[in-house]
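There are 2 protein chains.
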Amino acid sequence: MIFIGERINAGFKDIKRAIQEKDPEPIRKRAREQTEAGADYLDVNMGTASNKPEDLCWMIETVQEVSDLPISIDNNKPTLIKAALPICRKPPLINSLTADEAKLDEMLPVIKEYDASFIGLVMDEAGSPKDANKRGENAGRIVAKIMEYDIEPDHLFLDPIVMPLKFMQEQAVEIMSAASQFRLFTDPPCHIVCGLSNVSNGTKHKGLINRTFAAMLVANGLDAVICDVRDEELVDTVLTAELFMNKQIYADSYIEAFRK
Amino acid sequence: MIFIGERINAGFKDIKRAIQEKDPEPIRKRAREQTEAGADYLDVNMGTASNKPEDLCWMIETVQEVSDLPISIDNNKPTLIKAALPICRKPPLINSLTADEAKLDEMLPVIKEYDASFIGLVMDEAGSPKDANKRGENAGRIVAKIMEYDIEPDHLFLDPIVMPLKFMQEQAVEIMSAASQFRLFTDPPCHIVCGLSNVSNGTKHKGLINRTFAAMLVANGLDAVICDVRDEELVDTVLTAELFMNKQIYADSYIEAFRK
Numbered sequence: 399m400i401f402i403g404e405r406i407n408a409g410f411k412d413i414k415r416a417i418q419e420k421d422p423e424p425i426r427k428r429a430r431e432q433t434e435a436g437a438d439y440l441d442v443n444m445g446t447a448s449n450k451p452e453d454l455c456w457m458i459e460t461v462q463e464v465s466d467l468p469i470s471i472d473n474n475k476p477t478l479i480k481a482a483l484p485i486c487r488k489p490p491l492i493n494s495l496t497a498d499e500a501k502l503d504e505m506l507p508v509i510k511e512y513d514a515s516f517i518g519l520v521m522d523e524a525g526s527p528k529d530a531n532k533r534g535e536n537a538g539r540i541v542a543k544i545m546e547y548d549i550e551p552d553h554l555f556l557d558p559i560v561m562p563l564k565f566m567q568e569q570a571v572e573i574m575s576a577a578s579q580f581r582l583f584t585d586p587p588c589h590i591v592c593g594l595s596n597v598s599n600g601t602k603h604k605g606l607i608n609r610t611f612a613a614m615l616v617a618n619g620l621d622a623v624i625c626d627v628r629d630e631e632l633v634d635t636v637l638t639a640e641l642f643m644n645k646q647i648y649a650d651s652y653i654e655a656f657r658k
Numbered sequence: 399m400i401f402i403g404e405r406i407n408a409g410f411k412d413i414k415r416a417i418q419e420k421d422p423e424p425i426r427k428r429a430r431e432q433t434e435a436g437a438d439y440l441d442v443n444m445g446t447a448s449n450k451p452e453d454l455c456w457m458i459e460t461v462q463e464v465s466d467l468p469i470s471i472d473n474n475k476p477t478l479i480k481a482a483l484p485i486c487r488k489p490p491l492i493n494s495l496t497a498d499e500a501k502l503d504e505m506l507p508v509i510k511e512y513d514a515s516f517i518g519l520v521m522d523e524a525g526s527p528k529d530a531n532k533r534g535e536n537a538g539r540i541v542a543k544i545m546e547y548d549i550e551p552d553h554l555f556l557d558p559i560v561m562p563l564k565f566m567q568e569q570a571v572e573i574m575s576a577a578s579q580f581r582l583f584t585d586p587p588c589h590i591v592c593g594l595s596n597v598s599n600g601t602k603h604k605g606l607i608n609r610t611f612a613a614m615l616v617a618n619g620l621d622a623v624i625c626d627v628r629d630e631e632l633v634d635t636v637l638t639a640e641l642f643m644n645k646q647i648y649a650d651s652y653i654e655a656f657r658k
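These protein sequence lines map, in sequence, to chains A and B.
With the working numbering, letter number 81 in the first sequence gets 479, and the count goes up by one each step, no holes.
With the working numbering, letter number 50 in the second sequence gets 448, and the count goes up by one each step, no holes.
With the rest of the complex left out, here is chain A:
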């Protein structure tokens, strides 16, 4: 499982204030925490706190002061992404693009130049898809573009777009069905990722809902997740689910080995 640690996000007050006051410490703290918890990427999102390239670059550099992990650039603006790419010490993950072909044409050559990966949200100009077929159609348009630009499938993370259980309950089966189809689109298969916390929006049993859906998505091919890696129950569930998918060899101490 590829864990993309989501906590360095200006949607949280500590990070928003850090950006506004150029105080590196809250960002360093969250970067250290996610790294120690076992993240594979650190997601950096400045939300509405700023739209200046220099602020995004400052955030990334601050993270890189305390962590060797690659960055997930959580921004969809080409100018910002292009400014951030050169300062990433390791090939980053772009979070995210959609099935907008003009934007893919603009960004994929740059992504390839930096050996970056990207999350392809299976939505288009018409908005978020309502069923598995539309998700598959949009995924197909993204996959066609990576072929056109000769980008390896393992540099693409398709995101079936998780919807809130509470408000769009009927979407869950569509999301699972779409994910299971995505595995078949390329050979080798691309990654399948989701931003998990959206599924429990507005619910009372958030942790339970997040980790249960995570296990069900792993059964349908999910191999990357954007989450707070400090959620040990979620991480334990995902590690266990991957054993059942035969992606890791079972050992009695598989949980303890990850914590080290």
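One or more of the hints may lead you astray.
A pair holds if it fits inside one copy or across any two, identical chains being indistinguishable in the list.
Unchecked claim - Here are the computed lysine to aspartate or glutamate pairs in the EDC-like style, where the Cα-Cα straight-line distance is at most 16 angstroms:
1) K604 x D650
2) K475 x D529
3) K510 x D421
4) K604 x E654
5) K480 x E630
6) K411 x D529
7) K420 x E463
8) K645 x E568
9) K564 x D650
10) K602 x D650
11) K604 x E631
12) K602 x E654
Because the hints were derived from the structure by calculation, they are not lab data.
Every value quoted in this text rests on a predicted model; they were computed, and no experiment measured them.
Guided by the hints, dock chain B onto chain A, whose structure is given.
Positioned in the frame of chain A, the structure of chain B alone reads:
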């Protein structure tokens, strides 16, 4: 989800002693506990403690003194099952038959006479299947027999046969794949059941392993489970997984509603 409470089993010392000493109290206690925890059936298994029909009947009558739930007769001997069927106050579940056609020919008319349901383990004379295809083939033989005897699909609980993660890790994907196929064998679909605890045999993180696999199996069609219904984390996971399958309508208090 159909919960089949597994605790009234002579594999446990308290029940074994109860049978040997004809002490009804331990059986009553376990029957009450599973009933209060939310079981739909109470599984009654006398294991190696006895092979006498009167002992099995005594166990069932003891359970029926304290619970209105239907019985799951956990025994594969035709003489014992035939003795137990007439004393069940509600149509029971026979746990279990296999793809042994001679035995199905013997038992299905009796099962139909009592309006009973049965678990069809997808194994045959050759033993337990090693892959999804063999599981599907054996399931097909059982399904053909219920058609021959005009038994409704909802009276059949197909069991893909759960294997221990620790010793047969590669079986998990075969089990999930088989379960997802079983849904398509009849219309309306038959039930899909498993004895869950087998999957965590010999492991250190039993509860986590059981409930994670349960969520993954629900994603593949599981709608019945043999388990200790007092395992609240397992039950919560299964209830949540069923929301994602759109089998229950979401409510903020779905866990609390079940506990009542």
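Structure versus earlier hints, numbers of those that do not hold, lowest first: 2, 3, 5, 6
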